[in-house]
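Asker: What follows is each chain in one-letter form.
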Amino acid sequence: AIQMTQSPPSLSASVGDRVTITCRASEDIRNELSWYQQKRGKAPKLLIYAASSLQSGVPARFSGSGSGTEFTLTISSLQPEDFATYYCLQDSNYPRTFGQGTKVEIK
Amino acid sequence: EEQVVESGGGLVQFGGSLRLSCAASGFTFGNYWMAWVRQAPGKGLEWVANIRRDGSAIHYVDSVKDRFSISRDNAKNSLYLQMHSLRDEDTAVYYCVRDVSPSSGGRYYDAFDLWGQGTMVTVSS
Numbered sequence: 001a002i003q004m005t006q007s008p009p010s011l012s013a014s015v016g017d018r019v020t021i022t023c024r025a026s027e028d029i030r031n032e033l034s035w036y037q038q039k040r041g042k043a044p045k046l047l048i049y050a051a052s053s054l055q056s057g058v059p060a061r062f063s064g065s066g067s068g069t070e071f072t073l074t075i076s077s078l079q080p081e082d083f084a085t086y087y088c089l090q091d092s093n094y095p096r097t098f099g100q101g102t103k104v105e106i107k
Numbered sequence: 108e109e110q111v112v113e114s115g116g117g118l119v120q121f122g123g124s125l126r127l128s129c130a131a132s133g134f135t136f137g138n139y140w141m142a143w144v145r146q147a148p149g150k151g152l153e154w155v156a157n158i159r160r161d162g163s164a165i166h167y168v169d170s171v172k173d174r175f176s177i178s179r180d181n182a183k184n185s186l187y188l189q190m191h192s193l194r195d196e197d198t199a200v201y202y203c204v205r206d207v208s209p210s211s212g213g214r215y216y217d218a219f220d221l222w223g224q225g226t227m228v229t230v231s232s
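Respectively, the protein sequence lines represent chains A and B.
The first sequence begins at 1 in my numbering and counts up by one.
The second sequence begins at 108 in my numbering and counts up by one.
Treat the hints as calculated values from the structure; they're not laboratory data.
Please note: incorrect hints may appear among the correct ones.
Said to hold, decoys possible - Listed below are the simulated DSS-like cross-link pairs for lysine-lysine, each with C-alpha atoms no more than 25 Å apart in a straight line: (1) Lys-107(A) / Lys-150(B); (2) Lys-103(A) / Lys-172(B); (3) Lys-172(B) / Lys-150(B); (4) Lys-45(A) / Lys-103(A); (5) Lys-39(A) / Lys-103(A); (6) Lys-42(A) / Lys-150(B); (7) Lys-39(A) / Lys-172(B); (8) Lys-150(B) / Lys-103(A); (9) Lys-39(A) / Lys-107(A); (10) Lys-103(A) / Lys-42(A); (11) Lys-107(A) / Lys-45(A); (12) Lys-42(A) / Lys-107(A).
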């Protein structure tokens, strides 16, 4: 199975900060990656698919980039509602595999 | 309103069986791939299985192969997960998920755009 490694596992940031989360795949997955946001006690929410396509209704401060084995999720200006855990998911091969998550906390 | 609602979770003994159901409404269920994703208490997300629109293709994570079975009934707008030989490590919230499968350049991508609230499965030893 393809291993997905996210970094950092957690980070502290302030409102207005630019935040970048990295996801690395153990093999080439082209652009077959999506990003999800999960708030405490809630179901995840789709942010980005195909590495860089913004899901309808998701604020433009979220962006995704990358291909091959390295991908990033960027929040250009962190808002109070963005404090959550973020996961990447590869859909290149079966079984699909998630990264272990990155928790974004308030500094 | 588009929604999926899971049911069937609960407390089950080690080695026991349970059947989860997911009722879809507000959209044409048969037009979508569907999946189950689970989350153990305090842990990350784990993809469990998915099924093609017409049920003709199914995939599982290795840890549940030969124990779990995903199925669907498009006439009833329902997705199922039959679980046998349950283990401690199967304890989790199980989410029913719709895959909107956007396409680009001739390739279809996974995009889980609709999630249920989850149903908790607890395996007791």
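Asker: For the pair supplied as a hint, Lys-107(A) and Lys-150(B), confirm whether the alpha-carbon distance does not exceed 25 Å.
Answerer: holds (23 Å)
Asker: Keeping to a limit of 25 Å between CA atoms, is the pair of Lys-42(A) and Lys-150(B) held or broken?
Answerer: holds (13 Å)
Asker: For the pair supplied as a hint, Lys-107(A) and Lys-45(A), confirm whether the alpha-carbon distance does not exceed 25 Å.
Answerer: Holds - the C-alpha atoms of Lys-45(A) and Lys-107(A) are around 23 Å apart, at most 25 Å.
Asker: CA of Lys-103(A) to CA of Lys-172(B), is that 25 Å or under?
Answerer: The given pair, whose Cα atoms are some 31 Å apart, is violated under the 25 Å limit.
Asker: For Lys-103(A) and Lys-42(A), compute the direct alpha-carbon distance and say whether it is at most 25 Å.
Answerer: Holds - the C-alpha atoms of Lys-42(A) and Lys-103(A) are around 14 Å apart, at most 25 Å.
Asker: Is Lys-172(B) within 25 Å of Lys-150(B), Cα to Cα?
Answerer: holds (21 Å)
Asker: Holds or violated: Lys-45(A) with Lys-103(A), Cα cutoff 25 Å?
Answerer: Holds, at roughly 15 Å.
Asker: CA of Lys-42(A) to CA of Lys-107(A), is that 25 Å or under?
Answerer: Holds, at roughly 22 Å.
Asker: Under the criterion that the straight-line Cα-Cα distance not exceed 25 Å, is the pair Lys-39(A), Lys-103(A) satisfied?
Answerer: Measuring from Cα to Cα gives roughly 10 Å; hence the hint holds.
Asker: Is the Cα-Cα distance between Lys-39(A) and Lys-172(B) 25 Å or less?
Answerer: Measuring from Cα to Cα gives roughly 30 Å; hence the hint is violated.
Asker: For the pair supplied as a hint, Lys-150(B) and Lys-103(A), confirm whether the alpha-carbon distance does not exceed 25 Å.
Answerer: Between Lys-150(B) and Lys-103(A) the Cα gap is close to 12 Å, so the pair holds against 25 Å.
Asker: Would the hint linking Lys-39(A) and Lys-107(A) be met if the CA-CA limit is 25 Å?
Answerer: holds (17 Å)
In summary, the numbered hints that this structure violates are 2 and 7.
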